[in-house]
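**Student:** Residues per chain are reported as follows:
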Amino acid sequence: EDQVTQSPEALRLQEGESSSLNCSYTVSGLRGLFWYRQDPGKGPEFLFTLYSAGEEKEKERLKATLTKKESFLHITAPKPEDSATYLCAVAVRGSTLGRLYFGRGTQLTVWP
Amino acid sequence: DAGVTQSPTHLIKTRGQHVTLRCSPISGHKSVSWYQQVLGQGPQFIFQYYEKEERGRGNFPDRFSARQFPNYSSELNVNALLLGDSALYLCASSLSPDPNEKLFFGSGTQLSVL
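Line by line, the protein sequences give chains A and B.
Residue numbers for the first sequence follow the numbering used here, so the first one is 56 and each next one is one higher.
Residue numbers for the second sequence follow the numbering used here, so the first one is 932 and each next one is one higher.
Keep in mind that the hints were calculated from the coordinates and are not lab data.
Wrong hints could be hidden among the right ones.
What the hints assert, rightly or not - Restricting the straight-line Cα-Cα distance to at most 30 Å, the calculated cross-link-like pairs of lysine-lysine (DSS-like) are:
(1) K944(B) with K97(A)
(2) K1033(B) with K112(A)
(3) K961(B) with K97(A)
(4) K97(A) with K983(B)
(5) K114(A) with K944(B)
(6) K1033(B) with K97(A)
(7) K1033(B) with K123(A)
(8) K124(A) with K1033(B)
(9) K97(A) with K114(A)
To be verified - Interface residues of chain B toward chain A, partial, derived using beta-carbon atoms under 10 Å:
(10) Q968
(11) G973
(12) Q975
(13) L1019
(14) A1023
(15) E1032
(16) K1033
Unchecked claim - Taking CB as the label site, the calculated pair distances span:
(17) S1043(B) with R67(A): 25 to 31 Å
(18) S83(A) with I943(B): 39 to 45 Å
(19) D94(A) with L1026(B): 34 to 40 Å
Here a beta-carbon is modelled for each residue, glycine too, at the ideal position from N, C-alpha and C.
Please construct the entire structure, taking both the sequences and the accompanying hints into account.
**Tutor:** Written as structure tokens, this is what we have:
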């Protein structure tokens, strides 16, 4: 069964304290891995898509990397406005067209 | 440009009732997907529609149905509501049904079943 597991479930960081969020996946064939950010009461907001092992993408303080079994979202010198839930999702080869499999997310809190 | 809009934003129903949720995609987007997000969990795929046809269905009972209109807006219908149907229902639009296409989500409809 295709699975996406995110860790930790929750993370508290002081402003400026860098860290990483993990997304491990067990799928029959990866088409793409996605990172989304979700603020309370809002829908997920797209951050990155990664397609193959070794790929990296950056946006401001965020950097996403991908290996054959997991992805990391690195947050460098976070600010309070980075507080949100970060969701990882995968698209799987041969699966229902258009379906993304989401993890439960990591709730990040950055305090001043 | 307007993003994905969903209505209503909040809804309270009782068990056994039915509900209709509505979604308007971003202009030019022809694909609409529906997801259910239970508190503390990630979104779960319900349906995808493209060009008014169902292109994908998740593991949800037949009480859940949807359709897409000629203007690409969509409705999600849930019959015989159960307490477990309480969740945030998210609509997402994209240019095509390609699973690697970027999804743009609306803010969702929060459904509470009492």
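**Student:** Double-check A1023(B) for me: the hint is only fine if its C-beta lies closer than 10 Å to a C-beta in chain A.
**Tutor:** holds, 7 Å
**Student:** Is 34 to 40 Å right for how far apart the beta carbons of D94(A) and L1026(B) are?
**Tutor:** Check failed, 24 Å falls outside 34 to 40 Å.
**Student:** Compare the distance between the alpha carbons of K961(B) and K97(A) with 30 Å, and conclude whether the hinted pair is satisfied.
**Tutor:** Cα-Cα ~22 Å, so holds.
**Student:** Would the hint on K1033(B) stand, with a C-beta cut-off of 10 Å toward chain A?
**Tutor:** Holds. Min distance 5 Å.
**Student:** Given the hinted pair K944(B) and K97(A), is their Cα-Cα distance within 30 Å?
**Tutor:** holds, 21 Å
**Student:** Mind checking the alpha carbons of K114(A) and K944(B) for me, to see if they're no more than 30 Å apart?
**Tutor:** violated, 41 Å
**Student:** S1043(B) and R67(A), beta-carbon distance inside 25 to 31 Å?
**Tutor:** holds, 29 Å
**Student:** Checking hints one by one. Is Q968(B) an interface residue toward chain A, by the C-beta closer than 10 Å rule?
**Tutor:** Nearest chain A Cβ about 8 Å off; hint holds.
**Student:** Could you say whether the range 39 to 45 Å given as a hint is met by the Cβ separation of S83(A) and I943(B)?
**Tutor:** holds, 40 Å
**Student:** Using 10 Å as the Cβ threshold, decide whether E1032(B) counts as touching chain A.
**Tutor:** OK, holds: E1032(B) within 10 Å of chain A, min 8 Å.
**Student:** For a C-alpha distance cap of 30 Å, please report whether K97(A) and K983(B) respect it.
**Tutor:** holds, 26 Å
**Student:** May I ask you to test the interface hint for L1019(B) with respect to chain A, counting a Cβ-Cβ separation under 10 Å as satisfied?
**Tutor:** Holds: closest Cβ of chain A sits about 8 Å from L1019(B), inside 10 Å.
Violated hints, in rising order: 5 and 19; the structure is consistent with all others.
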